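**Student:** One-letter residues, chain by chain:
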Amino acid sequence: MSLKYITPSERFKRYLPKDYVELIDYGPFGKTQDEAGPGNMGQFKELVEEHPMCSGCWMAYYIRLIFASLPKPEETVTIGTAGCGRLAISQAAVPFIYGNYGDQNAMASGLTRAFRLRFPDKTKDVITIAGDGGTMDIGFSMTMHSWIRGEKFTTIMLDNEVYGNTGGQSSGMSPKGAVLKMAPLGKDFEKMPATDLAKAAGCVYIVRMSPTNIKKAAKVIRRAIFVAREVGPTFIQAYTSCNIEYSIPTEDVFADAKAQEKDRFTFDEYMTDAAKEVIERVEAEEKAAKKAKKAMEA
Amino acid sequence: MSYLDDGRPQPVKKLVDMDYLLNEAPREKHFITGAQAMAEAVKRANVDMAIAYPITPQSEVMHLVGDVFAQGHIKEYYRAEEELGTMSAIAGASRAGVRLFTATSGPGLMRGLEAIVSWSGHRVPAVLGILTRVINAPLSIQPDNIEMAYMMHCGAVMLHAENQQDTFDFTLAAFAIAEKVDVYIPVAVATEGFFVTHAKGYVDMMSEDLGYLDFDSVASPVPAMDNETPPARIQRDAPVQKSNFMSYLIHSVWQQEIWDSNKRAMKYIYQYLGGPIEVQNPEADVFIVASGCAAAQAREAWRYAQEDGLSVGLIKVKAIRPFPADEIRDVVKNAKALIVPEHNIIGWLCKEIKATIPNGGIVVEGPRVYGGMTLPVELIMKEIHDALGLEYDLQL
Ligand SMILES: Cc1ncc(C[n+]2csc(CCOP(=O)(O)OP(=O)(O)O)c2C)c(N)n1
Ligand code: SF4
Ligand SMILES: [Mg+2]
Chain A
4 MSLKYITPSE RFKRYLPKDY VELIDYGPFG KTQDEAGPGN MGQFKELVEE
54 HPMCSGCWMA YYIRLIFASL PKPEETVTIG TAGCGRLAIS QAAVPFIYGN
104 YGDQNAMASG LTRAFRLRFP DKTKDVITIA GDGGTMDIGF SMTMHSWIRG
154 EKFTTIMLDN EVYGNTGGQS SGMSPKGAVL KMAPLGKDFE KMPATDLAKA
204 AGCVYIVRMS PTNIKKAAKV IRRAIFVARE VGPTFIQAYT SCNIEYSIPT
254 EDVFADAKAQ EKDRFTFDEY MTDAAKEVIE RVEAEEKAAK KAKKAMEA
Chain B
5 MSYLDDGRPQ PVKKLVDMDY LLNEAPREKH FITGAQAMAE AVKRANVDMA
55 IAYPITPQSE VMHLVGDVFA QGHIKEYYRA EEELGTMSAI AGASRAGVRL
105 FTATSGPGLM RGLEAIVSWS GHRVPAVLGI LTRVINAPLS IQPDNIEMAY
155 MMHCGAVMLH AENQQDTFDF TLAAFAIAEK VDVYIPVAVA TEGFFVTHAK
205 GYVDMMSEDL GYLDFDSVAS PVPAMDNETP PARIQRDAPV QKSNFMSYLI
255 HSVWQQEIWD SNKRAMKYIY QYLGGPIEVQ NPEADVFIVA SGCAAAQARE
305 AWRYAQEDGL SVGLIKVKAI RPFPADEIRD VVKNAKALIV PEHNIIGWLC
355 KEIKATIPNG GIVVEGPRVY GGMTLPVELI MKEIHDALGL EYDLQL
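Which chain is which? The protein sequence lines are A and B, in order.
Heads up, the working numbering is the position in the first sequence plus 3, with the first residue counted as 1.
Heads up, the working numbering is the position in the second sequence plus 4, with the first residue counted as 1.
The following block holds chain B by itself, in its conformation from the complex:
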């Protein structure tokens, strides 16, 4: 093993493409937390630079990423001054043509949001972990995923992980998706704080001697601003710096391109993650549609319903952006009711689904828990029975 100037070891790795890394390389089972799963993914992603700012429940992830840096798997890592500084530094570093990772939670996401929502416009292909946490008052540090609603309209790709395994796979895939030349926008990988980050689950992982191919600073729709990568970039933003018709026009066509890029990410979500949704029992009358941790509870309810012989199906939504509108519409075309359990008060997933299907009236609003409460499976069972016109004795 060789050593870097700062004394860190320099692990010898075999660099491979994402298809091999994610879907072909042999894996071994580990029993680890969601935070470990995210950091293990970063370890294998051949990240150039990670920037950290602590907030519960994210801190655990970025501590572990710090260890991954100390072990030599990442070239540069530092704790920034706060989240706006963190997210701005990511935007700055990205102009030099490097692979970047950071993560945050609820209030941290809000504080960094001004910078984060401009990453897509700046074509920053960074990966952002969102380990969900309550925002707004009164204070709670528990997992409520309402902050994801604020991320949904900035052009970034958003994946929502159900468990530790998803967290590992989605995070790795995120780097490849973000860096596709026809995508080249940030990818956020969200999962519930504590429920996933601080709980252990089984995760199948490939060897850490494997790493994702080096970041290719040339394969980009906007060349790195490094005074090296042709075509010579004398200026990038000038026309937008004036308040004139050109600036309105440039902004509008540029943003159209961002959202088209977001749509184009879908084919890579199929390639690396087998598609944006997972469907169980596609012929069912009633579907539970859920993402993240709510999908784990939905899966449990679906299993009970199977045991009781009820006509219930499950749709797990893995991609929040691009939203799998066609896929969901297709599965539910003959459904009589859709139940949408969520970990937030506003029901952002429910709203998306209602806006997606032609017969929004079949969508049941909830059940929802918030403030970081757990989501009892019984609440979902009650809605299933109501939808099927059956009695249910709800006992919590």
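Here chain A stands alone, though its shape is the one from the complex:
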């Protein structure tokens, strides 16, 4: 029903906001990645079009990328929390739920289970997208326990290594030594090992990355979602710098993200055998569909 329920009947279209109609006609709903995906961002009506995040904010860019990579935006629900990211996530044309700071993975646990009991034969993708503070500090117990319980949804941590939204306080994910608010003498303990924790807690697909390569970042997002559907909890820790609080000049944001690839955000992809099986199957299916389509066109 989902694609159908967002699609207005032809005769009703002229009464609807133009923005909405364009989203249905030219947006990514029901389309493949080749038709409307990260590779041709800017050439279709995107799910996130405007947001009030700082100019040059790398997190804003990554959020745009997440939405362009969704395998089934018409069947996706996102859950966010307090923090900069929700300013953009809440404006995407995908249902967004906001509870209280840090509760996103508990909300997603309830939501995912309720979806499965109501729609046992359907795919409903639930994704939590929260900051490093929301995921690893205030929400730590809810994050960890959702993984320990094996809840089938995707957790994306927007790791800017700081509490951006409240003005630059140090978080558990800030690097040791960083001088930030509430750590005026420099943070005196190590950055939390988020991916190790995820592994210990039972995540079945885990990636740490600095999303500088659009194709690679999109692939990871999709893999995490495909695996969560069938196998178990999946986790992406993505570097999404805060150029304001870390005083990164806007023009250097990309260079900084590149530099982080060789520093705290070296690419690390972990998957269980069951996760691998799903990834190989789905990607083979996608390839076959692409080939078949090409053959048809020829």
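Don't read these hints as lab results, they were simulated from the structure.
Please note: incorrect hints may appear among the correct ones.
Said to hold, decoys possible - Straight-line Cα separation of at most 30 Å, DSBU-like style, residue types lysine-lysine; simulated pairs:
hint, chain 1, residue 1, chain 2, residue 2
1, B, K337, B, K386
2, B, K17, A, K125
3, B, K184, A, K125
Claimed, not checked - Negatives, chain A to chain B, calculated, CB over 10 Å:
hint, residue
4, D28
5, A117
6, L120
7, K184
8, I217
9, R267
Every value quoted in this text rests on a predicted model; they were computed, and no experiment measured them.
We put the CB at the ideal spot given by N, CA and C, even for glycine.
Position chain B with the ligands against the provided structure of chain A, taking the given hints into account.
**Tutor:** Only chain B with the ligands this time, still in chain A's reference frame:
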């Protein structure tokens, strides 16, 4: 009997509306605890999902609800990580359009409060059992209902059960009240831990082969966020995510609507529970006004007063939210004194009543017991005699 994939049986039930279930279906008498009464109500409420986290004295309720799940009366049940996780998961699950139940006690309520107090704003029509217990230090696990004071200002409907029978009836009614389209906010059903949860009383119950009608995810003022229920919900909260005038405005009108919804619950409290108060001897000079277990003690004091031929009446307050201000004002308009016995130190009911009537000076503060003490009827008798200008030899 058929079986579910996980091996649980799938009981065959006749689903009926709440009017029939609560007020017409034939009942049989059982001798059960308050915890059993709450779980038996959940069994008949056709609940989709229950989420549990243990705390004495609530645990007994959620153990039994677990059994009810194992017997196939509930579709999904799990133990969450702690109460904030529990209450947040309830909020999340609610967006999928399902019927939900959880329960907690004192410190658990406090821990989950950040999530609970936002349920009404999120239009979560879940039912919450509150099996009261001391909060604050020093520790006691006994029934003191001070935690209810913290629940009174969040927009939720609140019912306070006197005994095991109330616990059963109020819990069932709660589901119907919460899910009315013109209400659609959570309903909390409170009763005293141990005094009610762990003590047995007579409860008239309808057959467990009856169940409440399925949750209707379409009959909602805010459509489920399931990508299925029209109108297409592309976003729900976005304008509130910014600090601008629109966000202030949206919050204020939204909260007004929550409290209006709370008021609109009153007609359903009449429909299912015969009204928010019970009155005995409406012509009396002196009234005892009480809720929950204190109402049971007040009832006993009222009975003694009747035997002694004293002009004493009883008002049992069943609904704490919406507060039955008009109803109470009307009954006590000619009264000379109101005695308000309570199981907490701050006297939240006393404060409500004082703020409700034009002549608050006639309200006697107490008697109050706290920390989980029992409330001797003699303390109430003493206040009755004082109010009537009579001698009373208080012996405890
Ligand atoms: C219970 C609670 N505590 C504190 C806050 C204040 N708060 C809002 S956002 C935030 C920090 C966000 O940091 P992070 O999660 O890393 O997200 P970012 O803004 O960096 O993307 C804090 C502390 C809150 N909203 N709620
Ligand atoms: S404060 Fe930092 S993370 Fe937040 S929007 Fe600005 S640049 Fe982005
Ligand atoms: Mg951050």
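**Student:** If a hint holds in the structure, say so; if it does not, say that too.
**Tutor:** Verification of the supplied hints:
Under the criterion of a C-alpha separation no larger than 30 Å, the hint pairing K337 of chain B with K386 of chain B is consistent with the structure, at around 23 Å. As the CA atoms of K17 of chain B and K125 of chain A are separated by approximately 26 Å, the hinted pair is consistent with the 30 Å bound. Proposed proximity of K184 of chain B and K125 of chain A is supported: the alpha carbons are some 28 Å apart, at most 30 Å. Taking the minimum C-beta to C-beta distance to chain B, about 15 Å, the non-interface status of D28 of chain A holds against the 10 Å cut.
Against the 10 Å criterion, A117 of chain A falls within the reach of chain B, whose nearest CB is about 3 Å from its own CB. Once the 10 Å rule is applied to beta carbons, L120 of chain A is inconsistent with being away from chain B; the minimum gap is 5 Å. Separation of K184 of chain A from chain B is adequate, the least Cβ-Cβ distance of about 19 Å exceeding the 10 Å criterion. Against the 10 Å criterion, I217 of chain A stays outside the reach of chain B, whose nearest CB is about 25 Å from its own CB.
Interface exclusion of R267 of chain A from chain B stands, the closest Cβ pair being 28 Å apart, more than 10 Å.
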